[in-house]
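Novice: With the hints in hand, could you dock these two chains into one complex?
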Amino acid sequence: MPIIVNLDVMMAKRKMSSNELAEKIEITPANLSVLKTGKAKAIRFSTLEKICEVLDCQPGDILEWSNEK
Amino acid sequence: MWSKTKSLFLSRVLTIAMIGLLCLLLFFIPTIAEWYDAVSDSGGILGDRDVFIPMCVILYMGEAVAINAMKELLILLGNINKGEVFIERNTRCLRAISWMCMSGGILMTVLALWRNIFIFAGFFCVMFGLIMRVLKNVFEKAVEIKSENDFTI
Chain A
1 MPIIVNLDVM MAKRKMSSNE LAEKIEITPA NLSVLKTGKA KAIRFSTLEK ICEVLDCQPG
61 DILEWSNEK
Chain B
1001 MWSKTKSLFL SRVLTIAMIG LLCLLLFFIP TIAEWYDAVS DSGGILGDRD VFIPMCVILY
1061 MGEAVAINAM KELLILLGNI NKGEVFIERN TRCLRAISWM CMSGGILMTV LALWRNIFIF
1121 AGFFCVMFGL IMRVLKNVFE KAVEIKSEND FTI
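Note that the protein sequences, when read in sequence, are chains A and B.
For the first sequence, the residue numbers in my numbering are 1 to 69.
For the second sequence, the residue numbers in my numbering are 1001 to 1153.
Bound conformation, chain B alone (with noise of 0.2 Å):
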């Protein structure tokens, strides 16, 4: 039968799973790279140049990114598995998130000079980072509720 554990369960597998992933991609952005390198003919706002090495240097920045917002993300797990939903932790991780979010599209948006379809991911990075900023919103509120509640005697 499937309950509200076991979903939290599957959320901390599946994002320990994705850090796993993240960390295996890393020793294949150089062959990545050199793939879409090959196959990929339209060109950037710079014309149409060699994307080898400016993909490389945002593939491992974006990696660092991305493996940091799914570290936020399992401490927000954990702490909700622990019952403790809203705390100001919860609030941080969130906010981190929602900026790891940002920097990623900025990223996109700056690979984009040398092939224009990253333009898509930044826009969609960033319209990402702007929902976790509004749920970070919503949550700032919550914990701010809770602790009013929590000292009416």
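Next up, chain A with everything else stripped away, as it sits in the complex (with noise of 0.2 Å):
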């Protein structure tokens, strides 16, 4: 997929647990274990904008296009 979630990586910088994240953007851990690994089709701006918000980041440093299929 073109498109690479790092979510992993600002989590890691962030020192914040799946669990702690999924609780403070309001979704379920299940659903934030399918942007994770990379299975989501879409992600919704309001998501995206809680993501941002929690771990003090741009969407860039989120979501990184790749050239390689």
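Bear in mind the hints are in silico, worked out from the structure with no lab data behind them.
Bear in mind that the values here come from a model prediction, so they are computed numbers and not experimental data.
You may find that some hints are simply not true.
Stretch by stretch, here's where chain B covers chain A in the computed footprint (C-beta under 8 Å, at least three residues) [stated by the list, open to error]: (1) 9-22; (2) 29-36.
Some chain A residues flagged as far from chain B (calculated, every beta-carbon gap over 10 Å) [what the hints assert, rightly or not]: (3) Ile-3; (4) Asn-6; (5) Leu-55; (6) Pro-59; (7) Gly-60.
Straight-line alpha carbon distances no greater than 30 Å define the calculated DSS-like cross-link-like pairs of lysine-lysine that follow [claimed, not checked]: (8) A:Lys-36 - A:Lys-24; (9) A:Lys-36 - A:Lys-13; (10) B:Lys-1136 - B:Lys-1146; (11) B:Lys-1006 - A:Lys-39; (12) B:Lys-1136 - A:Lys-41; (13) A:Lys-36 - B:Lys-1146; (14) B:Lys-1082 - B:Lys-1006; (15) A:Lys-41 - B:Lys-1141; (16) A:Lys-36 - B:Lys-1141; (17) B:Lys-1071 - B:Lys-1136; (18) A:Lys-50 - B:Lys-1146; (19) A:Lys-41 - A:Lys-15; (20) B:Lys-1004 - B:Lys-1082; (21) A:Lys-39 - B:Lys-1082; (22) B:Lys-1006 - A:Lys-41; (23) B:Lys-1141 - B:Lys-1071; (24) B:Lys-1146 - A:Lys-39; (25) A:Lys-24 - B:Lys-1146; (26) A:Lys-39 - B:Lys-1136; (27) B:Lys-1071 - B:Lys-1082; (28) B:Lys-1071 - B:Lys-1146; (29) B:Lys-1141 - B:Lys-1082; (30) A:Lys-41 - B:Lys-1146; (31) A:Lys-50 - A:Lys-39; (32) A:Lys-13 - A:Lys-50.
Virtual Cβ for every residue (Gly too), placed ideally from N, Cα, C.
Specialist: Structure, rendered in structure tokens:
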């Protein structure tokens, strides 16, 4: 998939666990896992906004485009 | 009071009853064929030939096709009852039912070689198969949309 989700990296930088992040951005841990493993087909702006707010980062820090397929 | 659950229950009961009826009919196929051979007088492309044996063979094959279609319908209704509507298995059920209808149409068309009237039954079977195929396509798209929706976080 050309879009890579670097959520793990940002979470490690902020020393935040999956459950804690899921709780703060108000999504289920299962959905967060879908997002982290790159299985998600789309992300809502509202979810992205909350992630950026909680992790204090930019959307570009979480999402990355790669040319490799 | 009539409800969706009762409607679904009725559909399942009727499907099971139809399977029972089809199984029961298996024992009477020679009788039905014999009776039809006696009462029908118009011929087909092959002329006014005896229709007993071809009718028996085609009815037995048609029974297998119909029972299989009913089985798929029962699986589909069972899944709907469980709340699993837009899933891949249901699309497969609709596809199978569509092919069963098409097969029934072909069988009826073959029978029309002996009696012209069966060409109409064949036409309606193929027509119904086509409608089921379009429904299958709609279902397939709905499954895709649901999957996309489920994976939108």
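Novice: Please go over all the hints and tell whether each is borne out by the structure.
Specialist: Verification of the supplied hints:
{"no.": "1", "hint": "9-22", "result": "violated (count 0)"}
{"no.": "2", "hint": "29-36", "result": "holds (count 4)"}
{"no.": "3", "hint": "Ile-3", "result": "13 Å, holds"}
{"no.": "4", "hint": "Asn-6", "result": "15 Å, holds"}
{"no.": "5", "hint": "Leu-55", "result": "15 Å, holds"}
{"no.": "6", "hint": "Pro-59", "result": "14 Å, holds"}
{"no.": "7", "hint": "Gly-60", "result": "18 Å, holds"}
{"no.": "8", "hint": "A:Lys-36 - A:Lys-24", "result": "16 Å, holds"}
{"no.": "9", "hint": "A:Lys-36 - A:Lys-13", "result": "15 Å, holds"}
{"no.": "10", "hint": "B:Lys-1136 - B:Lys-1146", "result": "15 Å, holds"}
{"no.": "11", "hint": "B:Lys-1006 - A:Lys-39", "result": "38 Å, violated"}
{"no.": "12", "hint": "B:Lys-1136 - A:Lys-41", "result": "24 Å, holds"}
{"no.": "13", "hint": "A:Lys-36 - B:Lys-1146", "result": "20 Å, holds"}
{"no.": "14", "hint": "B:Lys-1082 - B:Lys-1006", "result": "14 Å, holds"}
{"no.": "15", "hint": "A:Lys-41 - B:Lys-1141", "result": "16 Å, holds"}
{"no.": "16", "hint": "A:Lys-36 - B:Lys-1141", "result": "27 Å, holds"}
{"no.": "17", "hint": "B:Lys-1071 - B:Lys-1136", "result": "17 Å, holds"}
{"no.": "18", "hint": "A:Lys-50 - B:Lys-1146", "result": "24 Å, holds"}
{"no.": "19", "hint": "A:Lys-41 - A:Lys-15", "result": "26 Å, holds"}
{"no.": "20", "hint": "B:Lys-1004 - B:Lys-1082", "result": "13 Å, holds"}
{"no.": "21", "hint": "A:Lys-39 - B:Lys-1082", "result": "26 Å, holds"}
{"no.": "22", "hint": "B:Lys-1006 - A:Lys-41", "result": "37 Å, violated"}
{"no.": "23", "hint": "B:Lys-1141 - B:Lys-1071", "result": "24 Å, holds"}
{"no.": "24", "hint": "B:Lys-1146 - A:Lys-39", "result": "15 Å, holds"}
{"no.": "25", "hint": "A:Lys-24 - B:Lys-1146", "result": "26 Å, holds"}
{"no.": "26", "hint": "A:Lys-39 - B:Lys-1136", "result": "26 Å, holds"}
{"no.": "27", "hint": "B:Lys-1071 - B:Lys-1082", "result": "17 Å, holds"}
{"no.": "28", "hint": "B:Lys-1071 - B:Lys-1146", "result": "26 Å, holds"}
{"no.": "29", "hint": "B:Lys-1141 - B:Lys-1082", "result": "21 Å, holds"}
{"no.": "30", "hint": "A:Lys-41 - B:Lys-1146", "result": "11 Å, holds"}
{"no.": "31", "hint": "A:Lys-50 - A:Lys-39", "result": "19 Å, holds"}
{"no.": "32", "hint": "A:Lys-13 - A:Lys-50", "result": "17 Å, holds"}
Violation of the numbered hints given earlier is confined to hints 1, 11 and 22; the remaining hints are satisfied by the structure.
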